[in-house]
Amino acid sequence: KAGVTQTPRYLIKTRGQQVTLSCSPISGHRSVSWYQQTPGQGLQFLFEYFSETQRNKGNFPGRFSGRQFSNSRSEMNVSTLELGDSALYLCASSTGQGVYEQYFGPGTRLTVT
Amino acid sequence: SQQGEEDPQALSIQEGENATMNCSYKTSINNLQWYRQNSGRGLVHLILIRSNEREKHSGRLRVTLDTSKKSSSLLITASRAADTASYFCATDDDSSYKLIFGSGTRLLVRP
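Protein chains in written order, with this note's numbering: chain A, 1 to 113; chain B, 1 to 111.
Looking at chain B on its own, in the form it has when it is part of the complex (with noise of 0.2 Å):
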């Protein structure tokens, strides 16, 4: 069963806006991932924030954790046409060695 559930579930917006796209989850955590897939490929790896953190940054990428709303938010800032993809949240189960996902972000982002 999915831990997250992601919202929106696709979002479409002009080159050089900003994306948002929030997680939320179920369960206690150590850490929750996002993670980027390009149409039916393997998925990236983009960001971890561990849960006694708050905020993080990489590159045009901000994501926030929330512990106590068991939600997180990234934001991807100028996008650009090349940041079309689906975007997911995984959770890992703090008595477990596996990723949980979420249900995913459909991100286009239009020339």
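Pulled out of the complex, with its shape left as it was, chain A reads as follows (with noise of 0.2 Å):
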């Protein structure tokens, strides 16, 4: 099987910019989740989606939003960026039912300046 992908893998924007990151999970996944990796925070927990219903948000302003499609693939929005956006931002599919492990994608890096 595929993995996780995720586009684009790198991305440079201006503060009070939207980004639109994406994510494909792996084939007959459908749970998505949305990470954030900052050296200072670590990973942190964003949302999760389940055929195509969010079904847990982490403490995020609501500039942060996302959301899933009928072939479960996901999109993430972060409106009006600030500097402190910059992030590594990672996609991760499972099948989202019972114990699960959560298999990763390479991560968007996003630099806001």
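Check the hints yourself; a few may be wrong.
[As the list claims (entries may be wrong)] Far from chain A, some chain B residues (derived; all Cβ distances over 12 Å):
(1) 16
(2) 41
(3) 67
[To be verified] Label-pair restraints from in silico Cβ distances:
(4) 54(A) x 64(B): 30 to 36 Å
(5) 27(A) x 15(B): 34 to 40 Å
(6) 109(A) x 110(B): 25 to 31 Å
Honestly, the hints are just simulated from the structure, not real lab data.
The structure presented is a predicted model; accordingly, all values stated were derived computationally and were not measured.
Every residue gets a Cβ at the ideal spot worked out from N, C-alpha and C, and that includes glycine.
Bring the two chains, given one by one in their own frames, into a single complex with the hints.
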């Protein structure tokens, strides 16, 4: 099976702009989770989608949003970018049911200048 | 917020030696997982241990879980230079569908 793919891999944006990141899960996986990783805060959970429904959300401002499509692909959007949004954004997929491990994509490195 | 705290933050050992990393967490869990991350890339799942298990092995990895102490340890035996990476423990909040990661241990295995 192909792994989790994320596009783009690298992105440079300016403060105030918005950005959309994309994630394609492993075939058959219905759950997609998003994480933000920064040197200061570590790995933090953003949100999780299962069958197009957001099941859980982390403690991030409303500028961070996401969605999942019927083919399980997911996008996350960050509006009004701030310097502190510079991070590695990781997407992970899983079956989403029962006890499960998550399979991570390579991440999107976002730099906000 | 991070649930887990890992100890040590950094570890440097010689190839062939064993590496032990510890993780503590705060709330009750269904399972605990360990992941590896190579220099800012995606995470790779290593092993999952359920809350009713005490020990689990996978190749050169041995994980223990003590739910009474809310702690886990990861032992890598006969380490190799390729084991150089950051290692994270992750727990699930038993009422939600998310992983809460520890702060990680940076392991350096010197050839």
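Quick rundown of the hints versus the structure:
1. 16: Its Cβ never comes within 12 Å of chain A, the nearest being 29 Å, so this holds.
2. 41: With a cut-off of 12 Å, residue 41(B) comes too close to chain A, as the shortest Cβ separation is near 6 Å.
3. 67: holds (15 Å)
4. 54(A) x 64(B): 30 to 36 Å: holds (35 Å)
5. 27(A) x 15(B): 34 to 40 Å: holds (38 Å)
6. 109(A) x 110(B): 25 to 31 Å: holds (28 Å)
Of the numbered hints given earlier, the model fails hint 2 alone.
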